[in-house]
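*Asks:* Letter by letter, the chains look like this.
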Amino acid sequence: DAGITQSPRHKVTETGTPVTLRCHQTENHRYMYWYRQDPGHGLRLIHYSYGVKDTDKGEVSDGYSVSRSKTEDFLLTLESATSSQTSVYFCAISETTGVGYTFGSGTRLTVV
Amino acid sequence: AQSVTQLGSHVSVSEGALVLLRCNYSSSVPPYLFWYVQYPNQGLQLLLKYTSAATLVKGINGFEAEFKKSETSFHLTKPSAHMSDAAEYFCAVSEGGGGADGLTFGKGTHLIIQP
Chain L
31 DAGITQSPRH
41 KVTETGTPVT
51 LRCHQTENHR
61 YMYWYRQDPG
71 HGLRLIHYSY
81 GVKDTDKGEV
91 SDGYSVSRSK
101 TEDFLLTLES
111 ATSSQTSVYF
121 CAISETTGVG
131 YTFGSGTRLT
141 VV
Chain Z
52 AQSVTQLGSH
62 VSVSEGALVL
72 LRCNYSSSVP
82 PYLFWYVQYP
92 NQGLQLLLKY
102 TSAATLVKGI
112 NGFEAEFKKS
122 ETSFHLTKPS
132 AHMSDAAEYF
142 CAVSEGGGGA
152 DGLTFGKGTH
162 LIIQP
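Just so you know, the sequences run in chain order L and Z. With my numbering applied, the first sequence closes on residue 142, and no number is skipped along the way. With my numbering applied, the second sequence closes on residue 166, and no number is skipped along the way.
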């Protein structure tokens with residue numbers, strides 16, 4: 031989607047290795063979110079940010095950490111990847127909460 | 052806490068027939084409600100949203116949804132299905148008017164269009 035970019039688009043990694051996914055926006059929106067999508071579960075919120083250096087946990091935050099040092103970048107880190115973290119990860123941005131959310135194209139992560 | 056229930060993980064309709072995808076929500080505050088569509092190997096695209104204005108909301112691609120507070124429902128409809136409507140559809144809720152904690156999604160409904 032215009033204004034929001036996720037990288038990488040695909041990644042295969044080994045169990046126990048650290049992994050960082052990046053979400054970059056050019057919209058200067060305040061709110062940023064990381065979701066994971068798994069069959070039969072829909073999308074579940076991992077972490078979110080409501081400003082630079084302001085983050086909080088979502089529904090499925092165990093095993094994940096985030097950082098936001100600049101308005102435009104929101105990083106998701108898996109400190110020690112596990113097979114249960116194999117998923118598709120989506121980043122979303124919002125200017126005003128509750129009104130509109132724009133999603134990135136997703137990162138497909140496979141942990142082997 | 053808010054939650055969303057989508058009835059039917061798979062819905063199959065014939066091309067030209069009515070599409071009805073069901074969504075019920077729970078929320079402790081007046082909700083904002085959304086329908087998203089996801090085509091294979093793509094991200095989520097907003098179909099329509101309810102943000103406390105008109106209860107009948109019209110979206111893209113001929114879809115519409117009606118907010119019914121008494122039934123806590125926000126069902127998605129389209130009068131005549133097209134083959135290009137085949138996709139995964141997600142209903143989502145957020146706290147209206149504030150709260151940074153994003154959307155809560157239903158588990159999704161896979162719409163199948165029979166020729």
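Any given hint could turn out to be false.
Cβ-Cβ distance ranges computed for the label pairs, FRET-style [what the hints assert, rightly or not]:
1. L:K83 to Z:T56: 33 to 39 Å
2. Z:E115 to L:G93: 36 to 42 Å
3. Z:S79 to L:T126: 19 to 25 Å
4. Z:Q93 to L:T47: 42 to 48 Å
5. L:D68 to Z:M134: 23 to 29 Å
6. L:E109 to Z:T123: 35 to 41 Å
7. L:D86 to Z:P130: 37 to 43 Å
8. Z:N92 to L:D86: 29 to 35 Å
9. L:K100 to Z:E115: 36 to 42 Å
10. L:E89 to Z:L71: 26 to 32 Å
11. L:G46 to Z:S54: 41 to 47 Å
12. Z:S131 to L:V42: 38 to 44 Å
These are computed hints drawn from the structure, not numbers from a lab. Yeah, the Cβ is synthetic: ideal placement off N, Cα and C, and Gly gets one too.
*Asks:* Do the Cβ positions of Z:E115 and L:G93 conform to the proposed distance bound of 36 to 42 Å?
*Replies:* holds (40 Å)
*Asks:* Please test the hint of 26 to 32 Å on the beta carbon pair from L:E89 and Z:L71.
*Replies:* holds (28 Å)
*Asks:* Okay, L:K83 versus Z:T56 on CB: inside 33 to 39 Å?
*Replies:* holds (36 Å)
*Asks:* Taking the Cβ atom of L:G46 and the Cβ atom of Z:S54, is their distance within the range 41 to 47 Å?
*Replies:* violated (34 Å)
*Asks:* For the range 42 to 48 Å, tell me whether the beta carbons of Z:Q93 and L:T47 fit it or not.
*Replies:* violated (28 Å)
*Asks:* Just to be sure I understand the hint, the distance between the Cβ atoms of L:D68 and Z:M134 should be within 23 to 29 Å; is that true here?
*Replies:* Since the Cβ atoms of L:D68 and Z:M134 sit about 27 Å apart, the hinted range of 23 to 29 Å holds.
*Asks:* Is 37 to 43 Å a correct range for the gap between the Cβ atoms of L:D86 and Z:P130?
*Replies:* holds (42 Å)
*Asks:* That 19 to 25 Å hint for Z:S79 and L:T126 (C-beta), does it hold up?
*Replies:* Hint holds: Cβ distance 20 Å, inside 19 to 25 Å.
*Asks:* Is it true that L:E109 and Z:T123 lie within 35 to 41 Å of each other by Cβ?
*Replies:* The hint (35 to 41 Å, Cβ to Cβ) holds, given that L:E109 and Z:T123 are roughly 39 Å apart.
*Asks:* Could you check the hint for me, namely that Z:N92 and L:D86 are 29 to 35 Å apart, CB to CB?
*Replies:* holds (30 Å)
*Asks:* So does L:K100 sit 36 to 42 Å from Z:E115, Cβ to Cβ?
*Replies:* holds (39 Å)
*Asks:* Can you let me know if the beta-carbon spacing of Z:S131 and L:V42 is within 38 to 44 Å?
*Replies:* holds (42 Å)
Going through the hint list in order, the structure does not satisfy hints 4 and 11.
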